[in-house]
Amino acid sequence: MIRFLLRRVSLIIPTFIGVTLLSFMLIHLVPGDPIEVRVGERGIEPARLEQLRHEFGYDQPLWKQFIDYEGQLAHGDLGKSVVTRESVWREFITLFPATLELAACAILFAMLVGLPLGVIAAVRRGSAFDYGLMGVSVTGASMPIFWWGLMVILVFSVFLGWTPVSGRISDAFFIEPWSGFMTLDCWFSDDRGACRSAWSHLVLPTIVLGTVPLATIARMTRSSMLEVLGEDYIRTARAKGLKRNRVVVVHALRNALIPIVTVLGLSVSALLGGAILTETIFSWPGIGHWLIESIQRRDYPVLQGGTLLVAILVILVNLGVDLTYGFLNPRIRR
Amino acid sequence: MTSRYLAAAAAFAVAAVLAAAPAQAKTLVYCSEGSPENFNPMLNTTGTTFDANRPIYNRLVEFRNGTTEVVAGLAEKWDVSADSKVFTFHLRQNAKWQSNKNFKPTRGFNADDVMFSFERQWKDANPYHKVSGGGYDYWSDMNFPKLIANIEKLDATTVRFTLTQPNAPFLADLAMDFASIQSAEYADALTKLGKPELIDQDAIGTGPFELVQYQKDATIRYRAFADFWGAKPKIDTLVFAITKDPAVRMAKLRANECQIAPYPSPADLPALRADPNLTVLQQPGLNIGYLAFNVKKKPFDDVRVRRAINMAIDKKAILDAVYQGSGEPAKNLIPPTMWSYNTKVEDFKYDPEAARKLLAEAGLSGGFETDLWAMPVQRPYNPDARRIGELMQADLAKVGIKAKIVSYEWGEYRKRVQAGDHMMAQLGWTGDNGDPDNFFATLASCAAVPNSATKWCDKTYDDAVTKAASVVDQAERTKLYEQAQVVMHDQAPYFLIAHSVAFQPLRKEVTGYVMSPLGAHLFNEVDLK
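Sequence order for the protein chains is E and L. The working numbering applies: residue 38 is where the first sequence begins, and numbers increase by one. The working numbering applies: residue 2 is where the second sequence begins, and numbers increase by one.
The following block holds chain L by itself, in its conformation from the complex (with noise of 0.2 angstroms):
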């Protein structure tokens, strides 16, 4: 009887002493910078709320880790056609949907989810369409309606794009977050329950996170998806501290109160990298800050002026005085990082002297009155364009071209930047995907001139980048590439400034965590000491 109480009482012991130790569970807490706008990236343009989405979400192909490489994802494999016009992808059939309180799936990911998550951007008639309020930019942006003639479901697990037009980067296209795929199943379910609006609010998808609770401008908290199809997150828990101002997320990440924290002030680098705890990535940016000349306007119209300022401006005291560290010159669109990028070009040297003869061979020899445009706001590409037009307007003074600073409110100064209204104009871009098209065709083609900056358009120039985008073979897409870098270094449409370097502060005992290109925060791979 004893015996049987002592086992009892040990047993017991065991189990008390189980339950109050249970295995560990990681969490990891990243200070984000914002609050999402909803839990749908195709309604969306902004990185903050893609970040928010990322967890959750899968793309047919994605983009590997660190890296603008396109790789599998939900489709496991795919085949292009010879003219790069049919795109045909094979889908994964171990991929599972998450569920929530509304909805438990029946079925694993399959075509009609593709169908669908392309129809609702696409087609009017779906009846998603125009569900929170509709308004696909990304779609519109990257030229889906005129791009894509049909997609069709070939049968449970095949899927077929047809485009109007031979286009290499619709891969890279795909992998973008606006692409990601939502359940078919999930949207029906929701349209029976009378509240279609919640699949861009207590979303699922199919990836390496699920939703679990979102209380807004405070945190988003995600739990690692048992059923993920892919590498199981190393993390259980994934706590998103929304915390806006950048000098708190530093404190909060100096006080241990979340692992990883974006968008650091430069100001802030030393003292992060001063402290033990921390270690700072830095990676250089996918972007370009330039000072556009409006070729449609006198004197820009003449390429011998667009030259000289190119000399008359100093730009390594602009990177010294306002990047401090935190950007490198920049001599072509794209930054060095990117395939194609055509090191053999040479930048133009500061050589005030040199920009005066060419003025004068201009007839401007007097030299000239403009206008030199700063945007009120700081921009991943551009620190302080204020202080950077005050340096530039310096400069261009000692060749005698008065430049006249004026600046608008952003969605103003851009607007009129579109519109042509500027003489000269700072502006600048952060590449959506990776692929030099994005940069090369997006700014400069012929195709561009009504949105961009300079209202530039060399046939030369947008016949190797039109021609660019046709050609599957990447080595044939570098060279048209090499060449159209060449022929804008020449015809100078753009004082190209800088590309930014992106810097990422996290703790010590943060593991696995690699920047991405496109300034993405992914923490599939993310572990903690």
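So that you can see chain E by itself, here it is in the shape it has in the complex (with noise of 0.2 angstroms):
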């Protein structure tokens, strides 16, 4: 098991190494660095311009460039905003916890209601409720997130008014950001106000980001579970006269998970691409918001650092989901 974790953490570096040197290549082909974007309408005298890309160091050879911030990551130092002058961890780390809380509650939504969906569609092969499931959860795999959000936003909240249309929590509420998690800091707030209108904040972007997932968890159990439902070890199980639940959720079930679980890892990457819109569509202030302006403004620090980060999440999860099927599947280990 330990040298399985060493390998692949020894994977780590160089993928560290390819993530910035794409991300670098890919933000140097966008025409335009980030004093040429500021400057709008207004024009700038070139040597100005030359002046400022000096002290930016944008004048250097890109090789050279890319070396130097190499050599700057390997001192532990993300950089500067170009635009904020804050340090591009401390950003990094004040909207995460917005995005990890986000996602933990879509990951969370689409397993809970995507799993026994899958497993009831199984177990009723080729009933009304199996066709309709499967129909609903392409339509929902396919799903514009933009499109989707605003229409949960103008039904739910503008014609029924049931939920807020954005943001984390009411502003008459003043929440000091203690962990950064709305739901926590709510409730150290000591008024439970805060913390209903915390979690109702939550309701729509969770089933917009989790729309995606639970889709796909919903499609990957129902097949899976197809599968093992009509492996020998389960006809052995029920002629032994075990009860139906039994034989689904302790024996079948535990097996099909390898290849869900494998699902849920990938989610996370696709969760994390869904974050950006989501984000963007309920003003929701985690990392996804902050990179797309960051592309925007040409925040060359920002946007390679947040790749980065976002690359190390993506990395340590898939390592998660390895360890995992370990645990699912001993033969994995050996």
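The list that follows gives simulated cross-link-like pairs (lysine-lysine, DSS-like), each with its CA atoms no further than 30 angstroms apart:
#1 L/K405 / L/K332
#2 L/K399 / L/K350
#3 E/K117 / L/K196
#4 E/K101 / L/K131
#5 E/K117 / L/K131
#6 L/K193 / E/K117
#7 L/K102 / L/K131
Distance ranges between label pairs, derived from CB positions:
#8 L/Q202 / E/G230: 26 to 34 angstroms
#9 L/Q284 / E/E213: 33 to 41 angstroms
#10 L/A275 / E/H112: 53 to 61 angstroms
#11 L/D372 / E/E87: 24 to 32 angstroms
#12 E/G116 / L/A420: 24 to 32 angstroms
#13 E/E213 / L/E410: 40 to 48 angstroms
#14 L/K317 / E/G116: 45 to 53 angstroms
#15 E/W215 / L/R108: 33 to 41 angstroms
#16 L/P337 / E/K101: 48 to 56 angstroms
#17 L/K468 / E/E107: 56 to 64 angstroms
#18 L/R274 / E/H112: 54 to 62 angstroms
To spell it out: a stretch of chain L is covered by chain E in this simulated footprint if at least three of its residues, at any positions, have a beta carbon under 8 angstroms from a beta carbon of chain E; those stretches are:
#19 130–142
#20 215–226
#21 240–251
#22 405–418
#23 421–432
These aren't lab readings, by the way, just hints derived from the structure by calculation. Bear in mind that the values here come from a model prediction, so they are computed numbers and not experimental data. Quick reminder that beta carbons are idealized off the backbone N, C-alpha and C, glycines included.
With the hints as a guide, bring both chains together as one complex.
What follows is the structure, given as structure tokens:
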């Protein structure tokens, strides 16, 4: 197990270098630098443009800029935002809890709803429920998030008035960010109204961000369960007279979980991608929002640092998934 | 004994009722469109950042709410020398500084603060010059490094600015956000604390609201500043709920999650107008969208070609199809709301036949090929440059001009236009301070040629505009600018498209909100019914 872990961890360093090189190259392929983007209609004297580019080091050859950046990273320094002058790490750590809170709720929602739906569809294969669920899940998986987000806002917030439109908490509450997780911070504020508000603000973004993973999990659970339910040992379990629920949950579901865990792992990177759109629609102050803005402003340090940190996150999640395989299927550990 | 208990119980009951029903604090939520870059307007150029800073800071002079008229701010009054080169400001003595967890002021506002705020931007030697990265773009753009000869503190309440040349728009420049005043005492305190950069983050000012909390990409929270020198704000708490998507901003407004929301999409306007809980204010924007002819390139060096194109394009069709009621046709560089607008100038009439004749006179009866640049982004003055380009292209084809639409990424586009790579390019301008000089000189004077999209330099026009900047008398300036507009119309370096109209939806319960012609969002006088 430890060897397995070491082998996986040793792959992380080349992945980091690859990610930084790729993000560095991609952002530099986009025309314009942070200074040109700031200028707007006003124009800028060429001499002043050169002076500013020199100050930020953008007049250096690209390879040198990259090596300098890697050196800076090796010292644990992600740099400072060109726009706000704040450290990239500080900005990330301020915003990341919001993304994590939303992503955790979304994945929990997707699992709690998607798993049972997939199991029921598999058990009742060919029924109206099965066809209905598969139809809905295809729709869910192919739903454009932006459109879906605006639709749920219009229906549930504007017309029905059941949920807030956007944000993390009502502006009537003044919560000092202690952990950055609003559902936790409101708890310590001793204001139960604030907690109700924070949870109600989570409902719509959770549904919107969780829709695609939910559909994927439901479909994957169904097909994986169907495969397992056809195995001999299930027939044996049934023949032994075990109750149907026990056969399905204990014997079938546990073995069907491996591909589902894989999908969950992959869903994390999809979730981060989806979070960019969901956060924009729901004015959710997380890293998705932050990264999009850094592209528009060509804020190189934020974009590169942010991408790297997100990559680390995805790598860690995938590592966790690999370790879970080992837990679920001891053969993989060898 | 019993009566004493009764009295105590009654007192307790009254106290409990009073405690349970405190005076209702008024909170106004404004759904702002983005996060500020920081809390120092000297360092920034975006309206979003200026809006977030305006509640906190004051300037020596200010724009009267809803107008571009310059009125007293931190300076109660001022004297201007006969040659408009020396401006002496007499400072307000009752302005107090706000406080925060790092700083409790020991004195009110005085001349040291003015000196600090200007020297920070002006002098490399100032210890705060490089704090937060330096980069005082507006200071450079308004030509202050060349314009200012000296700034002196005459006494604790008097400051004198001496200019290198007469400059009438100087007062309007000082009302702009980049000329906001920071506290010198706060700067000293932060230096001692070893955290100078906090001056631009945990900002304090002399304005109507003090900053309570900023959560990046989420909210900015302010409370009314009890010691504000001017009329006290009518609301107790002001919250900027940062909401980037325009459709979501409008949904929040309709759900009463915010009471004022800026920049609606034109497509949302009918629904907003139909909502009985909302009011949609509108005002002509202080801007101009244009198609610039590069007069350094053939055949645009010939005024007949430029006039022919002005007659060949159907401006009304563009306004109907693209602006859809949110623009008014432009015939002068400045919008009609600005003083010195020349109403007598007559716009070119749409007349393809006359255009063809003019082209023939210029020796181009067979037409010619050109490029027509369209910005890749939506701007306040131009909602869809690509679509406008297509409409222009179709009109030009009718008179034999084959125009190819060209576009680049926005930064690249602007850079190439500045370099003069184009033949015809769409661009525009949004005014900074309501002074006509900010349009006429900034866009079209001979000094602006290195940056301008037309590269046009006309001596008669330039003389009028340069002289107007050095005269204090507004009537005289008006005459000069009117002359300049006639010259510009005759020489036609632009096809002037439109001045866009700005819309501001807000809840019916909001009172006292006035739209600013400069695009600012101000909450000093706002109340909630």
